[in-house]
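Student: These are the residues of each chain, in order.
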Amino acid sequence: MMDIALYSLVDDMVSKAGTEGVVEYWLRVGESYAERMGKEAYVGWPAFNVAMKDGRTSLTIEGAVNVLTDLAITDKDGDVIGYVYALKTCPMAPTINRYIQKIGPIPDSDFDVADSYNNRVRDSAVSNYCITHQKFREVAANNITVAKQGLECLHLANKGRLGEVKMLEEHLVKINVDERHIKSILRSSSCVFALVVKGKTAGEDTVE
Amino acid sequence: MVNNSEYNLSKSNEIMSNPFVDVSVFLFFEDISDKQGVEGFTNYMVGQAKSLAKSVPEEEYDTWEDFAKAVDAGESVFSSFETIRQISKNGFVTKTCPFSKAIREYIKRLGTFNPVHMEATDHYNHTIQPSAAHSACMMHQTYRNEIAKRITINGKSLNYAQIGAKAHTGEIALPPDSWKKVLLEKAGISETQGFMEMRENSCLYVLYIEE
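Those sequence lines, one after another, are chains A and B.
Numbering-wise (our numbering), the first sequence opens with residue 1 and increments by one.
Numbering-wise (our numbering), the second sequence opens with residue 1 and increments by one.
Hints in this document: simulated from the structure, not taken from any laboratory.
All figures in this text were calculated on a predicted structure; none of them were measured in a lab.
A couple of the hints might just be wrong.
What the hints assert, rightly or not - Among the chain A residues that face chain B by a calculated CB cut under 8 angstroms, a handful are:
1) A5
2) R28
3) E35
4) R36
5) E62
6) K102
7) F111
Backbone N, C-alpha and C define an ideal beta-carbon position, used for all residues, glycine too.
Isolated chain A (complex conformation):
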């Protein structure tokens, strides 16, 4: 029931704090959620990817993740600096379905808050919950080290309930992954992101 309350809470908050206020609240929630999960360290990418598959990392509390080991991101020397991951089911999907089933249509405030974020911060939210979820991932990734190197999360793409897709070109360019490839991954997942070693950049060979 706590999750269902989220929609009426956001509706109430929009009337009192405006859409911009709600965006700020959600960003802080994502940050504090991730900070309270604590730090993690892995000896190398294989250990980290196994933990991701098993759902043992702070990042996988959001749900089951496909670890796309065929999409290794390499730097100009050919060294692996990260991987692409796909979240199978959006954590909000059960809530959205339950809300529609028990209460009715999703309130407009959900889209209004997402729009406010998309216009002012980054064009990557398909629902208001994406704001806190994406922030959570970014901060949680910063608290993880692989082979003593800090990680950075690059949000790549996500898909809304009605099939609408948001894709961040600037992040695709950073890891040299073709947009068509990400779209094909989105066919069977709700969210795609990359985890890379902080400060490292990919080589020039595009993954298609």
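Put chain B on the given structure of chain A with help from the hints.
Tutor: Relative to the frame of chain A, chain B by itself:
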């Protein structure tokens, strides 16, 4: 990691929430209290429960028995989010608190509950009514109270009053003795029966229409 078989579908094909979302809503309220204090926390908790109830479709029943049967079968909006059992004509219990999974997940993932939840609960108990065992009770009981107003039985509005609520710590919130006596009478159960019910259930309350 979320176990989809546990969280997405229960045995009755009920869609279940992802605890990641549940926990973040608790954190949202904590952030509100950082900015607006315990009073802001309580006001938002109560306010959004009222808004949620207003979004729910109204219901009408011909007889009390029809209503009680619908509640028991999970077909009424009153039992949308919880499994309710009728224990006497007007006495009802909820076996498992619908927030218990979210509370367990919070403790599992983040540790001890932020004390602000208990402070807000105390604030609610002192300023609104002494019936909450946890901050989530404020939302739940307000929601029940508001949803009751949207249900009519033989043209009369349904009334709801909380008798007992049990927290995840095992503590039970009860009304003052003078209220308790009246409410138990209304529910048609003795105090001992009430305690017996609270051993097995998370919530005990009375539903009635003015005769």
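Student: Now look at each hint and say whether the structure bears it out.
Tutor: Tested hints:
1. Here the hint on A5/A is kept, as its CB sits about 6 angstroms from the closest CB of chain B, short of 8 angstroms.
2. Because the closest C-beta pair between R28/A and chain B is about 5 angstroms apart, less than 8 angstroms, the hint holds.
3. At its closest, the beta carbon of E35/A sits 10 angstroms from a beta carbon of chain B; the interface hint therefore is violated under the 8 angstroms criterion.
4. Interface restraint check: R36/A against chain B, minimum CB-CB distance 5 angstroms, threshold 8 angstroms, status holds.
5. With 8 angstroms as the threshold, the beta carbon of E62/A comes within range of chain B, its nearest partner Cβ sitting at about 5 angstroms, so the hint holds.
6. At about 5 angstroms, the closest approach between the beta carbon of K102/A and any beta carbon in chain B falls short of 8 angstroms, and the interface hint on this residue holds.
7. The restraint placing F111/A at the interface with chain B is violated, with a minimum CB-CB distance near 16 angstroms, outside the 8 angstroms limit.
In summary, the structure is inconsistent with hints 3 and 7 from the numbered list given earlier, while agreeing with the others.
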